[in-house]
Each structure stands twice: as structure tokens, then as C-alpha cells.
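Residue strings, one per chain:
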Amino acid sequence: MRSFLDSCIIINFLEFEFNETPLKKKCLDYLSKEKDFLSCFWVLEETKTFIRKREVQFNELLRKKEDPSYNFGTHKESELLSKNDLLFTKLLYDDLKEIEISALKDKFEQQIKTLKIKRDLFLKNQLNEISIKISEINKTILSIIYDFIEDYSDCKVLTSAIQMQQDKEIFTFVTADKHFLEGTYDSINEDMRLKEYKKPILKNLLFEN
Amino acid sequence: MTEITERKTSEEIKQKILEALDEKPMNALEISKAICSNWSTVKSYIEELVQSQKVKEISFGEKTIYQKITEDTYFGIPIKEKDRKMLKFIISTAIKEYQEIKEEQIKKTELAKLIYSVNSNLNLNLPIVWYLYGPMPLMVLDLQNDYSTEFVPSNEQEIKKAIKGWIKEKTRKYVREMTKELYMQENAVLYDLKVRIYDILKDKNTGNLKDLLREFYLTSMASGLDSNMVYNLYNVVSGLEFLKKLNNHLGEILLTFDGIWKYLASKNLYNSLKILKYSQEEIEIYLGIVIETKKYLAEEALSNLNETYLGELPKELPKYKADDLDKKISKVIDKYIESEVWRE
Chain A
0 MRSFLDSCII INFLEFEFNE TPLKKKCLDY LSKEKDFLSC FWVLEETKTF
50 IRKREVQFNE LLRKKEDPSY NFGTHKESEL LSKNDLLFTK LLYDDLKEIE
100 ISALKDKFEQ QIKTLKIKRD LFLKNQLNEI SIKISEINKT ILSIIYDFIE
150 DYSDCKVLTS AIQMQQDKEI FTFVTADKHF LEGTYDSINE DMRLKEYKKP
200 ILKNLLFEN
Chain B
0 MTEITERKTS EEIKQKILEA LDEKPMNALE ISKAICSNWS TVKSYIEELV
50 QSQKVKEISF GEKTIYQKIT EDTYFGIPIK EKDRKMLKFI ISTAIKEYQE
100 IKEEQIKKTE LAKLIYSVNS NLNLNLPIVW YLYGPMPLMV LDLQNDYSTE
150 FVPSNEQEIK KAIKGWIKEK TRKYVREMTK ELYMQENAVL YDLKVRIYDI
200 LKDKNTGNLK DLLREFYLTS MASGLDSNMV YNLYNVVSGL EFLKKLNNHL
250 GEILLTFDGI WKYLASKNLY NSLKILKYSQ EEIEIYLGIV IETKKYLAEE
300 ALSNLNETYL GELPKELPKY KADDLDKKIS KVIDKYIESE VWRE
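In the order they appear, the protein sequences are chains A and B. For the first sequence, numbering that gives the first Met the number 0 begins at 0 and goes up steadily by one. For the second sequence, numbering that gives the first Met the number 0 begins at 0 and goes up steadily by one.
So here's chain A without its partners, still in its complex pose:
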């Protein structure tokens, strides 16, 4: 069966080599075992933004290292980061306080390069189909799903997956996200407003052993 990939699967896969965790391993195994993957442009955008945010977080941290009086979030570039993104940047800064700036610079550059190239390589070699432009995400389906799932970004991914599903054999919607609970997904499946739409099968690696 074909698999539609949510952003978090790709991100966990990209992060695997930096530090193995059971969830990252599950994502990697899934991508190694299965072959036919599809996704949407929103996922592409999210994974790209994830890496860009990471780059900005690292830059912010280096600015603070270079000048301890620097206030996080005051550089123009950091406009891309939310308050919570900045909060994690501060946590990271505290954790890395003892490390030399030159070692951090090298490491950050190495990590960002690796993330970017791995993502590009994944898109080129492993994704067989990418569809549903961001501007084409169906607003009606999106607002219905938003009644069930509070994370708007998750809603966009699932809406794109449902739109892609319509002219295809049933595929698996693969995620590793706490918002995609089985009960919630059942409710979406049963909602009368979406009864005309074919839906993919949910597979949430976060809740699988």
C-alpha cells in the first residue's frame, strides 16, 4: 500500500543520525521497509521551514555567545521564530553554555548542511508523488477537520492527504504526531459533512510498539 507522509516522519528521519531515539528509529525503519511514498506541498514547506528555523535558532545562539548582552529575538532574521521557538533556543543556549563558540559554529554548520542535503536527497529519491499546492488546499474540508484537531498545520496536512486520496486506491496516512489520535480520526471518518470523501487509513508511529 502507498504511504502519504506527514512532516514529522520526514523530520524524525532527517534527525536520526544526530541522536537515535526509538521514535526516530521507527520512522527510519518504516521508510526503509516501505517503498511507495507520496506527500503534499504543505509538508515540503513545513520541512523546509523547520530547517530554516533551526538555522535561525543556531544563529541566534551564536549571536548571544558572541555578545552576551544580545537579546534573543531582536535580530531581523529571528522574526521567523515564534515565542516558543525562542524559548527552546534559550534552553539550548543554557545547555551549551560551556562549549567553545568555534566548536559550536562548526557543529551547527555541519548539522544544517546535513539536514538540507538529506532533505533534498529524500525528496529527489524517495518521494514518488507530490501534489496539492498550498493554494489548492480545500478550505471546506480544512475547516471541518479543524473542528476535531486543534493544530492548524496538522489539519492542512490531513486535508491535503484527503484531497489526494480521491482519485487513488486507499493509501496509508503515516504520521508520528500526538494530535492524530485513533478516536479523533474515527470521528473525522464518521462526520457526515465528509461522508462523500474517501479517506486514507491512519498509521501513527507514535502510538505503535
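Calculated directly from the structure, the hints in this document are not laboratory data. One or more of the hints may lead you astray.
[As the list claims (entries may be wrong)] Straight-line distance between alpha carbons at most 27 Å, and here's what the computed BS3-like set of lysine-lysine pairs gives: (1) A/Lys-123 <-> B/Lys-294; (2) A/Lys-34 <-> B/Lys-318; (3) A/Lys-24 <-> B/Lys-327; (4) A/Lys-167 <-> A/Lys-132; (5) B/Lys-314 <-> A/Lys-123; (6) A/Lys-25 <-> A/Lys-123; (7) B/Lys-244 <-> A/Lys-123; (8) B/Lys-261 <-> A/Lys-75; (9) A/Lys-112 <-> B/Lys-163; (10) A/Lys-75 <-> B/Lys-293; (11) A/Lys-24 <-> B/Lys-318; (12) A/Lys-112 <-> B/Lys-243.
[What the hints assert, rightly or not] So, partial list: chain A residues that the calculated Cβ filter (under 10 Å) puts toward chain B: (13) Phe-17; (14) Asn-18; (15) Lys-23; (16) Lys-25; (17) Leu-90; (18) Glu-108; (19) Asp-153; (20) Gln-162; (21) His-178.
[Stated by the list, open to error] Far from chain A by the CB rule (all over 10 Å, computed), these chain B residues: (22) Asp-82; (23) Lys-167; (24) Asp-325.
For glycine and all other residues, C-beta sits at the position ideal for the given N, C-alpha and C.
Got chain A; can you put chain B on it based on the hints?
Chain B only, in chain A's frame:
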């Protein structure tokens, strides 16, 4: 209104229409109000002016406006007659003085910088804009053109002194040094970086290309310009460098950077016109299509370069060797990923 119209000859009315359009593009009703003539009279004369290619008709949906065709300004952007006269005076004086002092012809780039300097020092408020090579007057600088004028400004001596002073001061400097000095004075970091990136790409010496592009990206972002394309170019260049393929694609990178710079410079021109108090609507008329075209060309070049880069990617990457620092970083980053705040 009709009474006044009857007293004017057709040539006089056409001249009045052209003078009104010197200020800004207008629709027929606005022109008729500006020259105190009735709408139908104005309309018929405008049609004649359009046919004789003195006026351009621009339609947006049901709205039609008219723009005077000015051949002596960039993109046909109108300038006030008093500014035109002053610019002609400065240009013709500068050409003459330069020839006398240095016994050679002034270069276009020098002329642009001279006008910028004289304008700034004497507060002349001339229409100066920032475009591809820095500040320049809106009037086209072509040394083959005839800029002679009978106009003599009231501060003639002061202007001549400033022109001579500039030429003498710059005698020992190359245009390149003058340009750099100007960029530094004006804190035009983006323009300075642009020159350095072009130099690197032309000299095929890629040493710090990636770092300069990163700096260029941050500066364009800080200047409020559309920095997305620069970021994407920086990514491709970093990728090619990582793959050790950068030197194979310098020509394509130069083409792409050139396209992006032309687009960004046109946005700078747009911002300059705003500072000169041209209305948003007018600027859209003069530059809207120009900017869209430049953006399209830059995107196309970037997309081609990206294809090239993707083609260079290997089947697999060598395995990343994580160390303790990677694990330390991941301790926080893993929590960050799990929290999903990155999706906000």
C-alpha cells in the same frame, strides 16, 4: 470651461495636456480638470497625442489612464521640468569641466556619482534613485545625448564650484574606489556585498562565496527586501560546496545572482520613488510589469540552478558520524520536535 477652450488653439491645448501629464499619469477627466477644459475636447486631443506617440494609453480593466512618453528618463518615469533643466545644466557643465580638467571624457558611472554628490551637498532635491549600480538621476545618462541648455540656475557658481571640486578630488581615484567609498558613506552594505559577490564569481575564486551570500541574504532581509530567493540561492551554493561541485557551476550561479540582483535593485528603485513622493499607483504603472518580469526571470534562473544541483546529488550520503556534542544538542532539539512548536 468651454469659453476658455475656445480661446486656445489645438496646439496650445495639446501642450497643456502634456504639461499636466508631466506631473503624473491621469485619466481624461483628471486632465480636463487640470487644464480647465471640457472632457470631450480633451479626449479627442489625447487620442491625437496617443497616435503621434507623445502619450501612452494604459488600461486596467475598465479604467484608462494616460502617461506622457518621456524618452530621457528611465522607464519613462516623468520628472518635473525644473528638475530636467537643472539636471541638464549639471550634466552639461560636468562633461565640459571634466574634459577641461582631466582632458578626457567623463564616464557614465562617474557622472552618476558626481550628480549624486552635488545634489546631496547642495540639497538640490533632484530626482535621484538607487538602482543597479547605486544612486543615479532618473534622467538617462548617455554621453551621446545632447544635454546643452540655456537654463542658468540662480546658484550657478555654487554648482560649478561643487562640480569642479568633485572632479579634482576624485582625479586620483578609480571609479571602483569611489563606488566603494560611496557605498560606505551611505551605509549601502547590500551594494558593497553585491560588488564583492560579482567579483568572486567573475574571478572564479569561490573562497568565501557562501559566507558572502549569507551576509547578502541577512542584509537584504534587514533592508526589508524580498530575501527568499537569496536564501534559496545560498542553500544551493552551500549544497554544491558540500558536494564539492561548486566550481563546475559558477557560470549558472553568476546568471542566477545577476537575475536576483536585477530584481532586488528594481525593488530598490521602487522604494526610491516612494521616497521621492511618487504615489503607489503611479509607481505601479511605471514599474509594476518591470518588477514582475525581473522576478520571473530570477525565479526561472534559480529554478534551473536548483535542477542542476538536484542532478548533482549522489544516491546516498556518507554516514554522519555523531559525537557527544550532537547528542547534547539533540537533547533539547528532540524535545523541541516532540513539542511540535516548530509547526506554529
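We went through each hint and held it up to the structure:
Between A/Lys-123 and B/Lys-294 the alpha-carbon distance is near 26 Å, which keeps this suggested pair within the 27 Å criterion. Note on A/Lys-34 and B/Lys-318: the hinted pairing holds, with a Cα-Cα distance of about 21 Å set against a maximum of 27 Å. Pair hint A/Lys-24 plus B/Lys-327 holds up; C-alpha atoms about 18 Å apart against a cutoff of 27 Å. Our distance criterion of 27 Å between C-alpha atoms is met by A/Lys-167 and A/Lys-132, whose separation comes to about 17 Å.
For the given pair, B/Lys-314 sits about 9 Å from A/Lys-123 by alpha-carbon distance, which is consistent with the 27 Å threshold. For the proposed pair A/Lys-25 and A/Lys-123, the alpha carbon gap of about 22 Å is at most 27 Å, so the pair holds. A distance of roughly 18 Å separates the Cα atoms of B/Lys-244 and A/Lys-123; the hinted pair therefore holds under the 27 Å criterion. Taking the CA atoms of B/Lys-261 and A/Lys-75, the gap is near 23 Å; set against the 27 Å cutoff, the hint holds.
Straight-line distance between C-alpha atoms of A/Lys-112 and B/Lys-163 comes to about 54 Å, which puts the hinted pair past the 27 Å bound. With a C-alpha separation of about 25 Å, the suggested pairing of A/Lys-75 with B/Lys-293 holds against the 27 Å cut-off. A threshold of 27 Å between alpha carbons decides the hint, and for A/Lys-24 with B/Lys-318 the separation of about 15 Å falls inside it, so the pair holds. As the CA atoms of A/Lys-112 and B/Lys-243 are separated by approximately 13 Å, the hinted pair is consistent with the 27 Å bound.
Among the interface hints, the one on A/Phe-17 holds; its C-beta lies about 5 Å from the nearest C-beta in chain B, closer than the 10 Å criterion. Using the Cβ-Cβ criterion of 10 Å, the hint placing A/Asn-18 at the interface with chain B is satisfied: the shortest such distance is roughly 3 Å. A cut of 10 Å between beta carbons decides the hint on A/Lys-23: the least distance to chain B is about 8 Å, and the hint holds. Interface restraint check for A/Lys-25: the shortest CB-CB distance to chain B comes to about 13 Å, outside 10 Å, so the restraint is violated.
With a cut of 10 Å, the hint placing A/Leu-90 at the interface with chain B holds, because the nearest CB-to-CB distance is about 5 Å. Given hint, A/Glu-108 at the interface with chain B, holds; its Cβ is 9 Å from that chain's nearest Cβ, closer than 10 Å. At about 7 Å, the closest approach between the beta carbon of A/Asp-153 and any beta carbon in chain B falls short of 10 Å, and the interface hint on this residue holds. Hint status for A/Gln-162: violated, given a least beta-carbon distance of 20 Å to chain B, over 10 Å.
For A/His-178, the interface hint holds, the least distance from its beta-carbon to any beta-carbon of chain B being 8 Å, beneath 10 Å. The beta carbon of B/Asp-82 sits about 35 Å from the closest Cβ of chain A, which is more than 10 Å, so the claim that it is off the interface holds. No beta-carbon of chain A comes within 10 Å of the beta-carbon of B/Lys-167; the shortest separation is about 41 Å. Under the 10 Å C-beta cut-off, the non-interface status given to B/Asp-325 relative to chain A is violated; the minimum distance is some 5 Å.
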